[in-house]
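Asker: Chains as they are written, first to last, in the working numbering: chain A, 94 to 401; chain B, 94 to 401.
Keep in mind the hints are simulated off the structure, nothing from the lab. Hints may be right or wrong, so weigh each one.
Identical copies go unnamed one by one, so any copy, or any two together, can satisfy a pair.
Claimed, not checked - Dumping the calculated DSS-like pairs for lysine-lysine here, alpha-carbon to alpha-carbon at most 30 Å:
1) LYS281 / LYS392
2) LYS397 / LYS348
3) LYS97 / LYS173
4) LYS397 / LYS173
5) LYS348 / LYS392
6) LYS397 / LYS281
Values in this document were obtained by computation on a predicted structure and should not be read as measured data.
Number of protein chains: 2
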Amino acid sequence: MKNKILIIGTGALGGFYGALLAKAGAEVSVVCHSEYEYVKQYGININSSIFGKWTFTPSQVLQKPEDYSDTADFILLCTKVIPSLDRVALIKPVMKPETTLVFIQNGVEIEQELVLAYPEYEIISGLAYICCNRISKGHLLHSAYGRLTLGSLTDSATSKIENLITLFKASKLECFLVDNIIAERWKKCVWNAAFNPISVLSGGLLTLSILQSQESLVRQLMNEICLIASATGHQVSDDIIDLNIANTYAIDTYKTSMLEDFEHGRPMETEAILGNALLAAKKVGIDSPHLETVYRLMKLRELKLTLP
Amino acid sequence: MKNKILIIGTGALGGFYGALLAKAGAEVSVVCHSEYEYVKQYGININSSIFGKWTFTPSQVLQKPEDYSDTADFILLCTKVIPSLDRVALIKPVMKPETTLVFIQNGVEIEQELVLAYPEYEIISGLAYICCNRISKGHLLHSAYGRLTLGSLTDSATSKIENLITLFKASKLECFLVDNIIAERWKKCVWNAAFNPISVLSGGLLTLSILQSQESLVRQLMNEICLIASATGHQVSDDIIDLNIANTYAIDTYKTSMLEDFEHGRPMETEAILGNALLAAKKVGIDSPHLETVYRLMKLRELKLTLP
Numbered sequence: 094m095k096n097k098i099l100i101i102g103t104g105a106l107g108g109f110y111g112a113l114l115a116k117a118g119a120e121v122s123v124v125c126h127s128e129y130e131y132v133k134q135y136g137i138n139i140n141s142s143i144f145g146k147w148t149f150t151p152s153q154v155l156q157k158p159e160d161y162s163d164t165a166d167f168i169l170l171c172t173k174v175i176p177s178l179d180r181v182a183l184i185k186p187v188m189k190p191e192t193t194l195v196f197i198q199n200g201v202e203i204e205q206e207l208v209l210a211y212p213e214y215e216i217i218s219g220l221a222y223i224c225c226n227r228i229s230k231g232h233l234l235h236s237a238y239g240r241l242t243l244g245s246l247t248d249s250a251t252s253k254i255e256n257l258i259t260l261f262k263a264s265k266l267e268c269f270l271v272d273n274i275i276a277e278r279w280k281k282c283v284w285n286a287a288f289n290p291i292s293v294l295s296g297g298l299l300t301l302s303i304l305q306s307q308e309s310l311v312r313q314l315m316n317e318i319c320l321i322a323s324a325t326g327h328q329v330s331d332d333i334i335d336l337n338i339a340n341t342y343a344i345d346t347y348k349t350s351m352l353e354d355f356e357h358g359r360p361m362e363t364e365a366i367l368g369n370a371l372l373a374a375k376k377v378g379i380d381s382p383h384l385e386t387v388y389r390l391m392k393l394r395e396l397k398l399t400l401p
Numbered sequence: 094m095k096n097k098i099l100i101i102g103t104g105a106l107g108g109f110y111g112a113l114l115a116k117a118g119a120e121v122s123v124v125c126h127s128e129y130e131y132v133k134q135y136g137i138n139i140n141s142s143i144f145g146k147w148t149f150t151p152s153q154v155l156q157k158p159e160d161y162s163d164t165a166d167f168i169l170l171c172t173k174v175i176p177s178l179d180r181v182a183l184i185k186p187v188m189k190p191e192t193t194l195v196f197i198q199n200g201v202e203i204e205q206e207l208v209l210a211y212p213e214y215e216i217i218s219g220l221a222y223i224c225c226n227r228i229s230k231g232h233l234l235h236s237a238y239g240r241l242t243l244g245s246l247t248d249s250a251t252s253k254i255e256n257l258i259t260l261f262k263a264s265k266l267e268c269f270l271v272d273n274i275i276a277e278r279w280k281k282c283v284w285n286a287a288f289n290p291i292s293v294l295s296g297g298l299l300t301l302s303i304l305q306s307q308e309s310l311v312r313q314l315m316n317e318i319c320l321i322a323s324a325t326g327h328q329v330s331d332d333i334i335d336l337n338i339a340n341t342y343a344i345d346t347y348k349t350s351m352l353e354d355f356e357h358g359r360p361m362e363t364e365a366i367l368g369n370a371l372l373a374a375k376k377v378g379i380d381s382p383h384l385e386t387v388y389r390l391m392k393l394r395e396l397k398l399t400l401p
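Could you put together the complete structure from these sequences and hints?
Answerer: Set out below in structure tokens:
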């Protein structure tokens with residue numbers, strides 16, 4: 094029997110992973126917001142540097158989760174994590190006893206909200222390492238990477254996480270199961286907390302320019318995330334900062350996702366990435382003055398966007 | 094005999110103070126850059142909320158200092174303090190033995206360069222507390238304040254500083270002589286180092302919005318300037334931060350001069366205000382992480398302006 098999968102938040106990331114799961118044989122439905130009419134008529138067009146070109150025709154195209162009349166084996170929650178979006182309420186109509194929740198989202202300390210709201214459910218936390226952009230209505234460009242890291246937040250994990258990994262692997266995607274997905278989140282945050290806000294506050298610099306001019310600021314921000322991660326019990330490896338710096342030089346001129354959001358007038362994940370890290374720092378009594386400064390400047394940048 | 098005064102850097106500030114000195118009876122010449130033709134033909138039109146409206150017709154209007162064939166009793170150096178402008182070289186052609194140099198400029202640690210280059214000269218450091226803007230070619234709007242604080246950097250000060258103060262007072266301007274003008278510079282920097290960069294990095298917020306949303310960041314930046322000032326031997330009074338905050342709430346919605354410069358594509362005094370404060374901090378071994386972060390972000394903001 095086919096796995097039934099419902100994608101909530103069908104942007105670049107949700108659309109791409111959904112398309113891969115459908116390719117692997119799952120019955121994939123999608124909840125679309127602004128592109129509902131287009132996707133319902135034409136599907137989602139994928140242009141991938143790794144997986145080729147094809148059109149993903151979802152099993153069902155829905156305007157909102159409550160329109161899904163079926164029971165999903167997996168819900169893939171792929172929205173951004175922003176204060177104006179209530180993730181718990183969003184998925185409520187489709188959480189059935191058989192359903193496993195998989196959230197593939199950025200940020201740290203974003204799991205508790207879901208775990209507390211759905212204590213009886215199997216919940217999987219996922220991190221996507223991917224360069225994939227929506228280039229026009231219903232058209233995704235997957236330019237590089239793609240790796241997906243998954244980890245269960247449930248003590249008594251079932252074999253369903255293995256099923257999901259098998260599906261992704263069948264589509265030729267690199268997909269890993271990790272023991273400590275929370276530490277993985279902090280590791281990913283090391284890069285995000287530095288480059289994302291700097292790219293916006295600098296007025297739109299790409300990663301290489303940032304590094305060439307102010308590598309030390311990048312390192313200070315990364316170091317503060319490492320200290321918070323470590324103090325909250327999620328030690329990240331010592332060489333992560335050097336590795337991140339070297340990899341970022343290697344990818345040359347990259348535009349961060351937060352800068353993409355900013356330039357398109359979309360809400361930014363300031364709270365999920367910076368605000369939550371600082372809340373965690375406060376709980377354990379750690380001072381993070383560089384992070385705090387960029388966070389507060391980002392709040393002012395967001396405030397400015399709301400003013401006439 | 095009339096005092097001969099040459100204004101170098103005839104922007105809003107230089108033009109306004111020059112106009113007052115001419116009103117008080119001095120023979121005031123001006124060096125103009127971009128507005129040379131206009132000012133030569135029409136003079137400088139002043140519209141002041143305190144001193145009324147009049148046209149200031151300079152004694153001589155010059156394109157560059159070396160065109161001044163006379164000997165000035167006072168040179169008023171009123172340019173911005175920016176790395177691309179060599180202040181020492183700029184005034185060299187007009188520094189005569191009889192000349193007293195008065196620089197009315199923002200920033201900290203900006204005096205040594207002049208004192209070292211002109212050790213035989215009487216040098217006066219000045220700070221302007223004024224809201225005055227150039228609104229169109231040759232037209233200045235003086236909207237509020239105006240106070241000028243002067244202090245001699247020369248041990249064997251002559252009576253010339255008193256002459257200058259007498260002139261300013263004759264024009265009804267508030268003009269004070271202070272003992273420690275270097276501490277005054279740090280005091281002024283407390284406000285500037287906080288509000289100027291935040292206004293730019295936030296994308297253009299006015300002072301009231303900044304305060305209402307992120308007063309604590311403002312206080313952290315101000316506090317770091319106070320610590321540097323104190324560590325370098327220029328104790329500022331304990332209540333200066335509270336006073337600055339209260340006064341800024343009182344002036345309501347004010348656009349900083351750095352934001353004005355940024356919006357008009359003019360160079361900003363990032364080094365004079367932030368860079369120099371951080372150099373001073375480094376010399377005395379003080380850590381200023383909030384200031385350092387905004388400084389580095391400002392350097393990136395400046396870098397972005399130079400890129401295509």
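Asker: Could you run down the list of hints and mark each one as holding or not?
Answerer: Hint by hint, here is what the structure shows:
no.: 1; hint: LYS281 / LYS392; result: both (22 Å within a copy, 26 Å between copies)
no.: 2; hint: LYS397 / LYS348; result: both (22 Å within a copy, 14 Å between copies)
no.: 3; hint: LYS97 / LYS173; result: within (23 Å within a copy, 66 Å between copies)
no.: 4; hint: LYS397 / LYS173; result: both (21 Å within a copy, 28 Å between copies)
no.: 5; hint: LYS348 / LYS392; result: both (20 Å within a copy, 19 Å between copies)
no.: 6; hint: LYS397 / LYS281; result: both (28 Å within a copy, 26 Å between copies)
The structure agrees with every numbered hint stated previously.
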